[in-house]
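A.B. asks: Residue numbers (my numbering), protein chains in the order written: chain A, 123 to 282; chain B, 123 to 282; chain C, 123 to 282.
Derived by calculation from the structure, the hints in this document are not laboratory data. Hints may be right or wrong, so weigh each one.
What the hints assert, rightly or not - Keeping only pairs whose Cα atoms sit at most 35 angstroms apart, straight-line, the calculated DSBU-like set for lysine-lysine is:
(1) C/LYS128 - B/LYS128
(2) A/LYS239 - C/LYS253
(3) A/LYS239 - A/LYS253
(4) A/LYS203 - A/LYS253
(5) A/LYS239 - A/LYS181
(6) C/LYS239 - C/LYS253
(7) A/LYS253 - A/LYS128
(8) C/LYS181 - C/LYS253
(9) C/LYS239 - C/LYS203
(10) B/LYS172 - A/LYS172
(11) A/LYS253 - C/LYS128
(12) C/LYS253 - C/LYS200
(13) A/LYS200 - A/LYS128
(14) C/LYS172 - C/LYS200
(15) B/LYS253 - A/LYS128
(16) A/LYS253 - C/LYS200
(17) B/LYS239 - C/LYS172
(18) A/LYS128 - C/LYS253
(19) C/LYS253 - C/LYS172
(20) B/LYS203 - A/LYS200
(21) B/LYS200 - C/LYS172
(22) B/LYS203 - A/LYS203
(23) B/LYS203 - C/LYS181
(24) C/LYS239 - B/LYS239
Said to hold, decoys possible - Reference excerpt, derived from the structure (chain C facing chain B, CB under 8 angstroms, subset only):
(25) PHE164
(26) THR244
(27) MET245
(28) LEU270
(29) ALA273
By construction, the Cβ of each residue, glycine as well, lies at the ideal position given by its N, Cα and C atoms.
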Amino acid sequence: MADTSKKTFIVFSGEMDKALAAFVMANGAAAMGDDVTMFFTFWGLSIVRKPQRVATSGKSGLQRIFDALTPRGADHLKLSKLNFGGVGRHMMNRVMTEQHIMSLDELMATAREQGVKMLACTMSMDMMGFKPEEMLDGLEFVGVASYLAEAEESSLNLFI
Amino acid sequence: MADTSKKTFIVFSGEMDKALAAFVMANGAAAMGDDVTMFFTFWGLSIVRKPQRVATSGKSGLQRIFDALTPRGADHLKLSKLNFGGVGRHMMNRVMTEQHIMSLDELMATAREQGVKMLACTMSMDMMGFKPEEMLDGLEFVGVASYLAEAEESSLNLFI
Amino acid sequence: MADTSKKTFIVFSGEMDKALAAFVMANGAAAMGDDVTMFFTFWGLSIVRKPQRVATSGKSGLQRIFDALTPRGADHLKLSKLNFGGVGRHMMNRVMTEQHIMSLDELMATAREQGVKMLACTMSMDMMGFKPEEMLDGLEFVGVASYLAEAEESSLNLFI
Numbered sequence: 123m124a125d126t127s128k129k130t131f132i133v134f135s136g137e138m139d140k141a142l143a144a145f146v147m148a149n150g151a152a153a154m155g156d157d158v159t160m161f162f163t164f165w166g167l168s169i170v171r172k173p174q175r176v177a178t179s180g181k182s183g184l185q186r187i188f189d190a191l192t193p194r195g196a197d198h199l200k201l202s203k204l205n206f207g208g209v210g211r212h213m214m215n216r217v218m219t220e221q222h223i224m225s226l227d228e229l230m231a232t233a234r235e236q237g238v239k240m241l242a243c244t245m246s247m248d249m250m251g252f253k254p255e256e257m258l259d260g261l262e263f264v265g266v267a268s269y270l271a272e273a274e275e276s277s278l279n280l281f282i
Numbered sequence: 123m124a125d126t127s128k129k130t131f132i133v134f135s136g137e138m139d140k141a142l143a144a145f146v147m148a149n150g151a152a153a154m155g156d157d158v159t160m161f162f163t164f165w166g167l168s169i170v171r172k173p174q175r176v177a178t179s180g181k182s183g184l185q186r187i188f189d190a191l192t193p194r195g196a197d198h199l200k201l202s203k204l205n206f207g208g209v210g211r212h213m214m215n216r217v218m219t220e221q222h223i224m225s226l227d228e229l230m231a232t233a234r235e236q237g238v239k240m241l242a243c244t245m246s247m248d249m250m251g252f253k254p255e256e257m258l259d260g261l262e263f264v265g266v267a268s269y270l271a272e273a274e275e276s277s278l279n280l281f282i
Numbered sequence: 123m124a125d126t127s128k129k130t131f132i133v134f135s136g137e138m139d140k141a142l143a144a145f146v147m148a149n150g151a152a153a154m155g156d157d158v159t160m161f162f163t164f165w166g167l168s169i170v171r172k173p174q175r176v177a178t179s180g181k182s183g184l185q186r187i188f189d190a191l192t193p194r195g196a197d198h199l200k201l202s203k204l205n206f207g208g209v210g211r212h213m214m215n216r217v218m219t220e221q222h223i224m225s226l227d228e229l230m231a232t233a234r235e236q237g238v239k240m241l242a243c244t245m246s247m248d249m250m251g252f253k254p255e256e257m258l259d260g261l262e263f264v265g266v267a268s269y270l271a272e273a274e275e276s277s278l279n280l281f282i
């Protein structure tokens with residue numbers, strides 16, 4: 123039975139604009155007292171990587187290539203449109219500051235403060251070659267069954 | 123508690139094919155007697171801009187740049203694939219006419235006739251620099267909390 | 123009233139990564155005993171085309187062009203990012219084999235074995251010019267009303 127106080131967001135996309143949409147909704151719901159879970163998978167894992175390079179072992183050659191091609195953290199995401207090699211992202215960040223809109227970094231910090239639960243998909247981590255130690259602290263590493271169990275109890279489930 | 127007669131669609135994407143999908147579902151649900159809400163945000167705001175240029179004041183320089191780079195209304199959207207500088211969109215429009223499928227303009231008119239509620243996200247409007255007077259008549263301008271409240275009462279919520 | 127044992131997935135995107143996400147979730151839910159429906163529409167129809175060319179009649183010239191430009195089946199899908207003319211897809215397939223992750227073909231076979239219901243959107247088929255005989259066996263050809271009826275009874279509905 124759906125519990126109206128739970129919400130889940132799958133963050134599949136690794137683009138800045140979709141990450142903003144996900145965190146704005148997650149924070150809005152958490153501010154209203156809801157129990158919010160974000161499930162980061164595939165390109166969305168980029169958002170919750172540590173920005174600094176972390177020593178890891180056991181990556182295959184292919185995994186090292188994906189690693190090198192994938193952004194590390196919120197400051198390196200692209201816009202899905204009008205990115206223009208990063209110019210669009212910088213413009214968007216400046217207009218957000220100008221309009222007093224929280225940045226993605228601030229939104230993520232707020233989500234943590236509000237207790238939003240953040241799950242990282244272990245199958246996607248295996249595909250991309252991401253190791254737990256290079257992901258942000260506080261993430262839980264789970265499979266799709268854990269996501270499905272959360273979604274089952276939630277009144278709102280979106281794939282972003 | 124979910125009310126089976128309500129549905130919401132977040133229209134985040136500004137591409138013609140995704141706009142078609144959103145309006146086909148919204149109209150289908152409205153035709154079945156459902157109470158349907160569409161929440162236009164980010165690139166999806168392009169779909170509900172007036173096609174003509176409207177005099178506005180108070181836009182920053184950055185907002186004027188986003189304004190200039192963003193399509194005005196349903197006739198100027200791209201396909202997400204095979205767009206080929208607009209050729210794909212024209213082909214798609216022609217095949218839709220040929221196959222007696224409603225155009226996006228017709229779908230939008232039908233949605234209005236059927237009383238589909240259309241909300242525009244004010245935070246996204248601030249980001250893109252869109253002013254209420256350049257958006258289609260009949261939109262309501264709301265924040266994410268209003269969307270979440272609608273979704274809470276709905277049996278189907280999709281992010282498009 | 124939502125029935126916690128039903129789930130639906132709209133597969134709008136025709137990209138390999140999103141197809142993987144859809145089938146992993148569909149199979150996960152089916153393995154937990156849920157009644158799962160996938161609704162393939164627009165570019166997602168590529169995933170459920172037969173890989174071989176099938177003789178059809180009654181396609182318009184425009185439909186033949188879309189036909190020629192659209193992938194046939196799971197082996198020809200692109201990644202939404204880092205595709206690099208197919209190199210990214212091959213790398214992803216290799217890393218999946220290396221990590222003992224099921225391929226899209228295997229996931230699709232499993233979905234069929236588990237009785238996942240697969241619906242193809244007839245309006246999208248008319249747009250793209252796809253005929254029933256060139257789609258995988260076992261699909262049902264339905265309109266949006268059928269999808270909405272399934273979604274109405276489901277506890278999880280995602281648009282992918």
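A.B. asks: Now tell me if each hint is right for this structure.
C.D. replies: Here is what the structure says about each hint:
1. C/LYS128 - B/LYS128: The hint holds at about 18 angstroms.
2. A/LYS239 - C/LYS253: violated, 45 angstroms
3. A/LYS239 - A/LYS253: holds, 19 angstroms
4. A/LYS203 - A/LYS253: Given pair A/LYS203, A/LYS253 holds - Cα atoms ~30 angstroms apart, limit 35 angstroms.
5. A/LYS239 - A/LYS181: holds, 27 angstroms
6. C/LYS239 - C/LYS253: holds, 19 angstroms
7. A/LYS253 - A/LYS128: Answer holds: A/LYS253 to A/LYS128 is near 29 angstroms, not above 35 angstroms.
8. C/LYS181 - C/LYS253: holds, 8 angstroms
9. C/LYS239 - C/LYS203: Roughly 29 angstroms between the alpha carbons, so the hint for C/LYS239 and C/LYS203 holds.
10. B/LYS172 - A/LYS172: Violated, at about 42 angstroms.
11. A/LYS253 - C/LYS128: Judged against 35 angstroms, a Cα distance of about 34 angstroms means the pair holds.
12. C/LYS253 - C/LYS200: holds, 23 angstroms
13. A/LYS200 - A/LYS128: holds, 30 angstroms
14. C/LYS172 - C/LYS200: holds, 17 angstroms
15. B/LYS253 - A/LYS128: Judged against 35 angstroms, a Cα distance of about 34 angstroms means the pair holds.
16. A/LYS253 - C/LYS200: Holds: A/LYS253 and C/LYS200 sit about 25 angstroms apart, inside 35 angstroms.
17. B/LYS239 - C/LYS172: Judged against 35 angstroms, a Cα distance of about 40 angstroms means the pair is violated.
18. A/LYS128 - C/LYS253: Given that 35 angstroms is the threshold and the Cα spacing comes to 42 angstroms, the pair is violated.
19. C/LYS253 - C/LYS172: Judged against 35 angstroms, a Cα distance of about 11 angstroms means the pair holds.
20. B/LYS203 - A/LYS200: It holds: about 19 angstroms lies between the C-alpha atoms, which stays within 35 angstroms.
21. B/LYS200 - C/LYS172: Answer holds: B/LYS200 to C/LYS172 is near 28 angstroms, not above 35 angstroms.
22. B/LYS203 - A/LYS203: holds, 13 angstroms
23. B/LYS203 - C/LYS181: holds, 21 angstroms
24. C/LYS239 - B/LYS239: Roughly 32 angstroms between the alpha carbons, so the hint for C/LYS239 and B/LYS239 holds.
25. PHE164: holds, 6 angstroms
26. THR244: Since chain B brings no Cβ nearer than about 11 angstroms to C/THR244, farther than 8 angstroms, the hint is violated.
27. MET245: holds, 6 angstroms
28. LEU270: holds, 6 angstroms
29. ALA273: holds, 5 angstroms
Consistency note: the structure conflicts with the earlier hints numbered 2, 10, 17, 18 and 26.
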